[in-house]
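S.K.: As a plain string of letters, each chain reads:
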Amino acid sequence: MIRFEGVKKVYPGNGKTPDILALNDVNLHIRKGEFVFVLGHSGAGKSTFLKLILREEEATEGRVIVNGRDLSTIKQRDIPYLRRGLGVVFQDFRLIPTMTAYENVAFAMRVTNIPERQIKRRVPYVLNLVGLTGKARSYPSELSGGEQQRVALARALVHSPPIIIADEPTGNIDPELSVEIMELLQAINSVGTTVVVVTHERALARHFNKRTIMIDHGEVVNDARPKRKRGVDE
Amino acid sequence: MKWSSFKYLTKQGLHSMVQNRLMTLASVGVLTACLIITGVAVLLSVNVNSFVDYLSDQNEFEVYLNDGYEQASIDAFVQNVSALENVAETEYISKSQAVEEMQAWMGEDGDLLSSYAGEDNAANPLPASVRVRVEDLTALSQTVESVKALGGDMIYEVQSPTELSSVLVGMKRAVTYVGWGLVAVLGVVSVVVISNTIRLTVFARRKEINIMKFVGATNAFIRLPFFVEGMTVGAISGIVSTLVVGGVYYGLLQWLDQPSASWLGEFTRCMHPMGEVIWPMLGGFVLFGVFIGGVGCATSIRKHLKV
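The listed protein sequences correspond, in order, to chains A and B. Last residue of the first sequence: 234 (my numbering), numbering continuous. Last residue of the second sequence: 307 (my numbering), numbering continuous.
For reference, chain A alone in the conformation it holds in the complex:
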């Protein structure tokens, strides 16, 4: 699903400021159906990790392979098609303010030329899944932080991408709602969707007991598999 092979990312300085080494020799493999936390302090390289997957940035060295596409050789015109295979949830929700919750979710389907009939069937279903049936006609400004995050999640889910990436999905919402969002992600993962959660909250990763990749100073310093629970897996 997602593979990093000897990935290095350097942001060049502008003459006055030095080059910044954001990621160095990162090797990892996230398989289909996995639920992974990518953990690190701010400035550790998490955002760069995410940008490389979304092909917002290009690796300076090494290869990033997402959904079978090698991002070091991908053509500019193929990037939208790469992104359609990913559902992304951002910390700041990134909803289009001039569209209702329904339209924001439907938009992700419209860009892929899905027929209107199918959109009308799928969007209410996904909004219902995230518990927002009654808010379909509301604009983002009329929704709470938690509700906006659920719209963003619905948008990420609606076209059934094989990978969901959540960048600090609980960063802007209350702790109770954080658990709710994480449980939703877990439910999505349980039907076979790969979920990658990028966060700085160690407690969150500990609470859900999933594979945790720790990044520090641009390097993977730990890659811990979930501990098997006594009496369940043993």
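Because the hints were derived from the structure by calculation, they are not lab data. Yeah, the Cβ is synthetic: ideal placement off N, Cα and C, and Gly gets one too.
Between beta-carbon pairs, the in silico distance windows are:
id, chain 1, residue 1, chain 2, residue 2, range
1, B, Lys-2, A, Ser-190, 31 to 37 Å
2, B, Asn-196, A, Gln-118, 38 to 44 Å
3, A, Asp-78, B, Lys-2, 17 to 23 Å
4, A, Gln-76, B, Val-185, 35 to 41 Å
5, B, Asn-196, A, Glu-61, 36 to 42 Å
6, A, Lys-16, B, Ala-204, 27 to 33 Å
7, A, Ser-190, B, Phe-6, 36 to 42 Å
8, A, Gln-76, B, Asn-196, 26 to 32 Å
9, B, Val-191, A, Asp-19, 36 to 42 Å
Assemble the complex: chain A is given as a structure, and chain B must be docked to it using the hints.
M.R.: Positioned in the frame of chain A, the structure of chain B alone reads:
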């Protein structure tokens, strides 16, 4: 792109015009102001040019002939003058016709000349003449020289408005250069101002564009609503500016038609009528507006698509 997507994106463009109504209003305002100024410059240039053309058309010179020449040689001379390249029209004025014209000009006092009237009146002091109208005012001097060469001793005097002709020629050239120069400068200024306004609109919505990119929208998909928006703003501005400039022009024509403005009679006669002006103006304004709006949007958005 599917027809349903095209329909959706067009609707989206129009919808977002309403959503961002303040920016839309600003864009329409700026574009309309530019089109009005350009339109006024075009109308002024076209009408002054038409007036100068009218004055040029009136241009003629008179060749006075010595007495004592046979009518046959005068007729031959007139025929030769008519055959000259720049000559549009000739008219022979006999000695008796000259008296009649003078009497008409003097009005009630014309009777004073009655003793000189009549054919072959030996007392008539007025010379016969040939009135020559030229086609190209700029070649007036050469035509006068050619006529003099043809007439030789037969010619008593040639009275030609060479000074007026050079003034008119200069005026026409100035009106053409200044008028169209002004239009060109205003056109460039319009393009700069409008593309900056559009850039501001696009900048205000850069986050929206960014989101579209992250959900996998292609550049064409993102661009189309902006394109529709830009073209619609252009078309609206074109119509509004036509209404404003057309309305003012109509008012001006009405005012010039009144007796109080009769001193401007000649100029009024040369002005293009409303029907001749309004449709080309509407077409020009709408096309220019749509072009500037569409192209301005498409180019302003390019920078934000590189994500």
